[in-house]
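Sequence order for the protein chains is W and D. Position one of the first sequence corresponds to residue 1 (our numbering), numbered consecutively onward. Position one of the second sequence corresponds to residue 1 (our numbering), numbered consecutively onward.
A portion of the hints provided could be inaccurate.
Where chains are identical, the list cannot tell them apart; a pair therefore holds if satisfied intra-copy or between any two copies.
Stated by the list, open to error - In silico DSS-like pairs for lysine-lysine, Cα to Cα no more than 25 Å straight-line: (1) 324 <-> 244; (2) 343 <-> 244; (3) 244 <-> 218; (4) 87 <-> 126.
The hints are simulated quantities; they were obtained by calculation from the structure and are not laboratory data. Everything numeric in this text was worked out from a predicted model, so none of it was measured.
2 protein chains.
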Amino acid sequence: MSTRSFNPPVRTLMGPGPSDVHPRVLAAMARPTIGHLDPAFVAMMEETKALLQYAFQTQNAFTFPVSGPGSAGMETCFVNLVEPGDKVIVCQNGVFGARMKENVVRAGGEPIVVEDNLGEPIDPGKVEDALKKHRGVTLVAFVHAETSTGVESDAQALARIAHQHGAATIVDAVTSLGGSPLSVDAWGLDAVYSGSQKCLSCTPGLSPVTFSERAAEKIKKRKSPVQSWFLDLTLVMGYWGTGKRTYHHTAPINPLYGLHEALVLLKEEGLEASWARHRQQYEALRAGIEAMGLSYLVKEPHRLPQLNAIRVPEGVDDATVRSKLLHDYNIEIGGGLGALAGKLWRIGLMGHGANPKNVMSCLGALDAVLAELRAPIQEGAAVTAAQKAFA
Amino acid sequence: MSTRSFNPPVRTLMGPGPSDVHPRVLAAMARPTIGHLDPAFVAMMEETKALLQYAFQTQNAFTFPVSGPGSAGMETCFVNLVEPGDKVIVCQNGVFGARMKENVVRAGGEPIVVEDNLGEPIDPGKVEDALKKHRGVTLVAFVHAETSTGVESDAQALARIAHQHGAATIVDAVTSLGGSPLSVDAWGLDAVYSGSQKCLSCTPGLSPVTFSERAAEKIKKRKSPVQSWFLDLTLVMGYWGTGKRTYHHTAPINPLYGLHEALVLLKEEGLEASWARHRQQYEALRAGIEAMGLSYLVKEPHRLPQLNAIRVPEGVDDATVRSKLLHDYNIEIGGGLGALAGKLWRIGLMGHGANPKNVMSCLGALDAVLAELRAPIQEGAAVTAAQKAFA
Numbered sequence: 001m002s003t004r005s006f007n008p009p010v011r012t013l014m015g016p017g018p019s020d021v022h023p024r025v026l027a028a029m030a031r032p033t034i035g036h037l038d039p040a041f042v043a044m045m046e047e048t049k050a051l052l053q054y055a056f057q058t059q060n061a062f063t064f065p066v067s068g069p070g071s072a073g074m075e076t077c078f079v080n081l082v083e084p085g086d087k088v089i090v091c092q093n094g095v096f097g098a099r100m101k102e103n104v105v106r107a108g109g110e111p112i113v114v115e116d117n118l119g120e121p122i123d124p125g126k127v128e129d130a131l132k133k134h135r136g137v138t139l140v141a142f143v144h145a146e147t148s149t150g151v152e153s154d155a156q157a158l159a160r161i162a163h164q165h166g167a168a169t170i171v172d173a174v175t176s177l178g179g180s181p182l183s184v185d186a187w188g189l190d191a192v193y194s195g196s197q198k199c200l201s202c203t204p205g206l207s208p209v210t211f212s213e214r215a216a217e218k219i220k221k222r223k224s225p226v227q228s229w230f231l232d233l234t235l236v237m238g239y240w241g242t243g244k245r246t247y248h249h250t251a252p253i254n255p256l257y258g259l260h261e262a263l264v265l266l267k268e269e270g271l272e273a274s275w276a277r278h279r280q281q282y283e284a285l286r287a288g289i290e291a292m293g294l295s296y297l298v299k300e301p302h303r304l305p306q307l308n309a310i311r312v313p314e315g316v317d318d319a320t321v322r323s324k325l326l327h328d329y330n331i332e333i334g335g336g337l338g339a340l341a342g343k344l345w346r347i348g349l350m351g352h353g354a355n356p357k358n359v360m361s362c363l364g365a366l367d368a369v370l371a372e373l374r375a376p377i378q379e380g381a382a383v384t385a386a387q388k389a390f391a
Numbered sequence: 001m002s003t004r005s006f007n008p009p010v011r012t013l014m015g016p017g018p019s020d021v022h023p024r025v026l027a028a029m030a031r032p033t034i035g036h037l038d039p040a041f042v043a044m045m046e047e048t049k050a051l052l053q054y055a056f057q058t059q060n061a062f063t064f065p066v067s068g069p070g071s072a073g074m075e076t077c078f079v080n081l082v083e084p085g086d087k088v089i090v091c092q093n094g095v096f097g098a099r100m101k102e103n104v105v106r107a108g109g110e111p112i113v114v115e116d117n118l119g120e121p122i123d124p125g126k127v128e129d130a131l132k133k134h135r136g137v138t139l140v141a142f143v144h145a146e147t148s149t150g151v152e153s154d155a156q157a158l159a160r161i162a163h164q165h166g167a168a169t170i171v172d173a174v175t176s177l178g179g180s181p182l183s184v185d186a187w188g189l190d191a192v193y194s195g196s197q198k199c200l201s202c203t204p205g206l207s208p209v210t211f212s213e214r215a216a217e218k219i220k221k222r223k224s225p226v227q228s229w230f231l232d233l234t235l236v237m238g239y240w241g242t243g244k245r246t247y248h249h250t251a252p253i254n255p256l257y258g259l260h261e262a263l264v265l266l267k268e269e270g271l272e273a274s275w276a277r278h279r280q281q282y283e284a285l286r287a288g289i290e291a292m293g294l295s296y297l298v299k300e301p302h303r304l305p306q307l308n309a310i311r312v313p314e315g316v317d318d319a320t321v322r323s324k325l326l327h328d329y330n331i332e333i334g335g336g337l338g339a340l341a342g343k344l345w346r347i348g349l350m351g352h353g354a355n356p357k358n359v360m361s362c363l364g365a366l367d368a369v370l371a372e373l374r375a376p377i378q379e380g381a382a383v384t385a386a387q388k389a390f391a
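Full structure from sequences and hints, please.
The structure is reproduced here in structure tokens:
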């Protein structure tokens, strides 16, 4: 057994997350730990809530980071909003929709799955049909930005349809928050969860969530207790709420320093500027990818700029390419998940990592590795095309 | 809304946790983030598991840190081991026993509460009686080291009795791990959870757990699915197990760097040496506390060295004292929880923070604050008494 300190290699993280963490966030992680009920910490919690309201574009009072990764945020939404026997429409067009279904089942709900092809957005017409067919649906759950395929769905349209049928929404915004337009209040989203490790340039482990008045009411009116004690919002809000702070669990102090710093960075840049930067980097990357002769899984109007799902060309071994990028260039990109394993590369341009240096080095390295493997690409074209796009 | 970086005050953390974090752990938190499936990270995961086996004194294969605070570790044990209708004996002699009961109820189990007074250890005789009275009990759950009162219970005796009646055990070792004797295999404990922020000198947010063969078998034989997707061990072990790593959730990378470093520190010092150091600091603190004329809640043979529960003297306002310690001396100590609110101070000597400097500064500051408030104490006696104890 080793008893040596761990010194990680220095990677460039361009997969589906975690993404490159801003140096200011890393520095914040190492600040002196203080108590979870320290007045100075409580003041920082209030700032974090306000900064998250800005990031989510919401006035929701129930806006805070869950003390666990995105899957804990997902589960927070489901166990608090689903009661045994509830009918829940789950839109499924990727891996994370399938997880939502699993969450509904385990919370005792009855999932009604509305399926779309991998790489395609959720069809609002199908959701409307399902709502007409199944009376008494209480929730519509969907992924705004599918990290497994890089597709964006029309969250506003889906929320409108859900509300027209008296249903609230649970929305996965893990990959969208901070990276592409998301407007919780204007779009009327009810329960939204995200992650710290994507477009916020923060370390993984926290899950920002927000709950509308409608969602908060639904939770208050529950007939059965929430099955999770750790994720029970009525208890958690005793700590994160505005009144006297009641100890519920010991908050992850230093990771919360990191998230606060990441949100300060987002506020300094401005949300719209951040969205625009992500799009600009995507356009340059796309120019390079297409010049190489590679293609995207998702059609243009539905592509997420921060998650580029690129088809692995015929005859090329996905894992070999990713391994070479990691070992020879210290660049991490992602592979496909589930049915898309071996068929996709997922290149993330997220948060701090959405910058021209990363675009260029990734394209240059991918070009070199594919050329070395004699893949059927247009060698040497990628970097020049991206340069032109940036010009 | 502030958009400024947060710079916490520099406190000395001598409450019930978080405790003072070792500078090497803080430095580890700021190391460059890498991917959760990076080969370098996977190698570090293996080291962390081995180091945790050492800390827990176990060979259990199912030994890893849950990606959430101690309450998530607690819930991991209960939702995986309790099935609907299961009879579970819950020993209750403090706040954390009450939480265990809540966990049993929410997992659909039938709790049988065996109660002992606050500040007293769990009476193994009562547990034996309950096991004889209620046939078919599947689990006995108890807190080894009650953080709310500073009392230690005889985990080995309780586990022996449980096994004699065919029941497995769930054990809260949040405050004991690393600070006072805990020997999972020798004592025959089945499911044990702890926290990173107590005697490991690490930041809060992770919960080391370990499961015996008996517990692992029980989980494999479940008739109903685990109600939590996030905490379902059969899924989590797909990521933390030894075979091909399957993505379950994005691990909290940097906090895991911190935990690894904390465990390396523990290995460097040696577990027995760490236990001895905690006891030595306790003896010096106790000498000072008693010289002042203050008294402990818990009787001597059952006291936890790392959590000193001291009675607030008559006529002294608990909150005023803690507030003065925090603001005038930057020292945090804890107050009482639940029925003991306002009646107790909880002084932690945990991990890195269990050192003579902390003992002396805490005694000196407490002495000064109490003297200022004209409390009925023996002024100026504490520090000298502690010095003698150290000599």
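How the hints compare with the structure:
Taking the closest pair of Cα atoms, residue 324 and residue 244 come within 25 Å of each other only across two copies (19 Å); inside a single copy the shortest separation is 54 Å, beyond that limit. Taking identical chains as interchangeable, the C-alpha atoms of residue 343 and residue 244 lie at most 25 Å apart only when they sit on different chains, with a minimum of 19 Å there against 52 Å within one chain. Only within a single protomer do residue 244 and residue 218 lie at most 25 Å apart by alpha-carbon distance; the minimum there is 23 Å, versus 41 Å between protomers. Taking the shortest Cα distances, residue 87 and residue 126 sit within 25 Å of each other inside one copy (16 Å), while across copies they are farther apart (45 Å).
Checked against the numbered hints above, the structure violates none of them.
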